[in-house]
Amino acid sequence: MSKLTQTAGDRTPATERDEAFAVENDCLVRRVRPRCGRPYKHACPLDAYRELTWAAFDLAASGFTTETLADEVRNRPREEHDDRKPWASYTNAAVAVAFWKDRGLIHTHLRRNYVDDEYFYEDAMIEFHALAENG
Numbered sequence: 001m002s003k004l005t006q007t008a009g010d011r012t013p014a015t016e017r018d019e020a021f022a023v024e025n026d027c028l029v030r031r032v033r034p035r036c037g038r039p040y041k042h043a044c045p046l047d048a049y050r051e052l053t054w055a056a057f058d059l060a061a062s063g064f065t066t067e068t069l070a071d072e073v074r075n076r077p078r079e080e081h082d083d084r085k086p087w088a089s090y091t092n093a094a095v096a097v098a099f100w101k102d103r104g105l106i107h108t109h110l111r112r113n114y115v116d117d118e119y120f121y122e123d124a125m126i127e128f129h130a131l132a133e134n135g
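Under the numbering used here, the first residue of the sequence shown carries the number 1, and numbering increases by one thereafter.
Bear in mind the hints are in silico, worked out from the structure with no lab data behind them.
The model shown is predicted, which means the values in this text are computed figures rather than measured ones.
Certain hints may be false.
[Said to hold, decoys possible] EDC-like mimics (lysine to aspartate or glutamate), calculated; alpha carbons at most 20 Å apart, straight line:
hint	residue 1	residue 2
1	K41	E72
2	K41	E19
3	K101	D117
4	K41	D58
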């Protein structure tokens, strides 16, 4: 089938890959083994995951991308004496979004992600802790 006649339902990802999640030392870890190339892993600490989860819930009506999700967390007001690095990196956001998609907690429409229900925060935290406990 040529690219010109291909419909959205016929598309396959440009790069197929195996993806697995684990929780290690209070970090959500995403391991990826691409079809071509070297395996890699990225992590999202629990504190960042928690903040990203709240931000996703706050952005539920308008939807979000990985970038807008991370920006929402990074731009939140902090206390004056809090000089830590930003709460969540773009990589942290990418790990969280991939995990939520894998667990069916969000859906994507026109490149924006949407939260599926009003208990998203609770569901996302349950999935994190269930993975930590059960592997």
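Right, here's what the structure says about each hint:
| no. | hint | result |
| --- | --- | --- |
| 1 | K41 x E72 | violated (24 Å) |
| 2 | K41 x E19 | holds (9 Å) |
| 3 | K101 x D117 | holds (14 Å) |
| 4 | K41 x D58 | violated (28 Å) |
The earlier numbered hints that this structure contradicts are 1 and 4.
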